[in-house]
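There are 2 protein chains.
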Amino acid sequence: MAEKLSLWNDTPTRQAITQFVQQVTDASGSSFVPLAERVAVFDNDGTLWCEKPMYIQLDFILRRWVEMAQENPALREQQPWKAAVEKDYAWLGNAVTKHYRGDDSDMPTLMKGLLSAFSGFTVEDFAARAGEFLHTQSHPTLKRPYSQCGYAPMIELLRYLEANGFTNYIVSGGGREFMRPITQELYGIPADRVVGSSVSLEFREDGDGGDVLSQPHLDVLDDGPVKPTRIWSRIGKRPILAVGNSNGDIQMLQFANRPPRPSLRMLILHDDAEREFDYVAGAEKSLELAKQYGWTVASIKNDWKSVF
Amino acid sequence: MAEKLSLWNDTPTRQAITQFVQQVTDASGSSFVPLAERVAVFDNDGTLWCEKPMYIQLDFILRRWVEMAQENPALREQQPWKAAVEKDYAWLGNAVTKHYRGDDSDMPTLMKGLLSAFSGFTVEDFAARAGEFLHTQSHPTLKRPYSQCGYAPMIELLRYLEANGFTNYIVSGGGREFMRPITQELYGIPADRVVGSSVSLEFREDGDGGDVLSQPHLDVLDDGPVKPTRIWSRIGKRPILAVGNSNGDIQMLQFANRPPRPSLRMLILHDDAEREFDYVAGAEKSLELAKQYGWTVASIKNDWKSVF
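Going line by line, the protein sequences match chains G and F. Throughout, our numbering is defined as the position within the first sequence, counted from one, plus 151. Throughout, our numbering is defined as the position within the second sequence, counted from one, plus 151.
Derived from the structure by calculation, the hints contain no laboratory data. All of these numbers come straight from a predicted model, not from anything done at the bench. Watch out, some of these pointers could steer you wrong.
[What the hints assert, rightly or not] The calculated lysine to any residue pairs, modelled on SDA-like cross-linking and capped at a C-alpha distance of 25 angstroms, are:
| id | chain 1 | residue 1 | chain 2 | residue 2 |
| --- | --- | --- | --- | --- |
| 1 | F | Lys263 | G | Gly361 |
| 2 | F | Lys436 | G | Arg355 |
| 3 | F | Lys442 | G | Gly361 |
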């Protein structure tokens, strides 16, 4: 089976993956895991697709903020609309990096903008908008369509796991409704296996019909210690494999461990300025823990033959 | 395909089901629905299994309340523990019927007992307890093991739909974690396709591991207008088929309608005192709407050859 991971170099990382899969699928071995328990969870931003120079979803929201500021000029003097109109992306990127370092001082401002952006949209209208954006817009520096910003070695890994009886889920801090319109075609992961952050929803009756509408309230911020609780509420099982790339994934990786059952925890290390990006901001603590507990670290530079 | 519903009498109800399935699977017809959109949602209590003389989950909780009252005698003088110890099931049944009639006066008392019953349990310990109960205890009047209280014609319907490319989900007001340990074997519906009510969950770190624990707070009461929002958040699609049996299922049935796409909405009518139970309490409004909008009503007495 190892030869199937053709986009991964022959390194200890690939070996860790293939040995783990061999272990859990060997019905005669002591580490065998039945099909129904072969649950694998993947963060999305920075794990399955690019998250720099900014989250893909942020580009989507920035365009909506510009649209809102065009409709309502008063917004142009308020953050985060001001940053969107002036293309002051440093302010926004900084707010996120600060969050991962434990400083949430810009979060209320950011959240206000995020929560109001699509308030009152039906979930189906929102999905159509997100889908259209993802299928027509391109990454600002890589110049690739967003629909092709998934990491090819990770997509290959998803297929490899499926071929070995795993069921793959996305468990992302990103917006659930934003990702869903593209996860099936990009990753082969259907909408009901996408776990993410979300706003509250409300049903509006309409005779024999009705719509579900987005509300301007946060429902779930699917990050950090919330990830294991959402994994349980949505999947009802403890994963045996978890892959992430930032401090927000720590608890998800921890939760995947339940000795004596084997588990594989992996972090994607962004160390390839030439082919993708080179950064550890927001991932420092997770990389420390990887050393401490022996989690696998996949280096984009050394472990991946190609990135896209 | 019609002959596959062998436990259903040859009535307009069976005809409505088979005609609908034929319509949406006929690739050359104007009502064809692609595989990925063939989403079917089912209420559980009173739709897939018995809910009288009381919810099966209530029996489980009553035993826990008795256990709690044994450990803490002060609880014996407080509702709902008092009702549990004195086997005063009328008080409890009444509280639920009142709820479905719009009178929630007993709800705070009931909720306090429900939320404290398993507070602090890990989700895995809770699942083990619920699974053991469901696999070892029997229905008080039907004298059947709870694990055999699913309605055979409904289980047959689930298989028939699957064979026609549908994906089935449970969307129940009952407890998600309570149902999950038995839905795969009883209905062929895996844990991640069980949507239900739930308490809040919290992750407790434990070095390189950790547990998800039940908290004494309501997270979701998956009933009435909440059902469509939970269908969307968990599935990400609008169903084309919805089956329920009470006023709490009205909005779920409404939401399944999106013309010009065809839909099938069905209510199970409990009118068979001999083989199951005969009651409409808590279903009056849904039955009125069924008449008004032409929803299908399946009579247990007339439409089902056998019940179990």
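**Request:** Sort out which numbered hints this structure fails and list those numbers smallest first.
**Result:** 1
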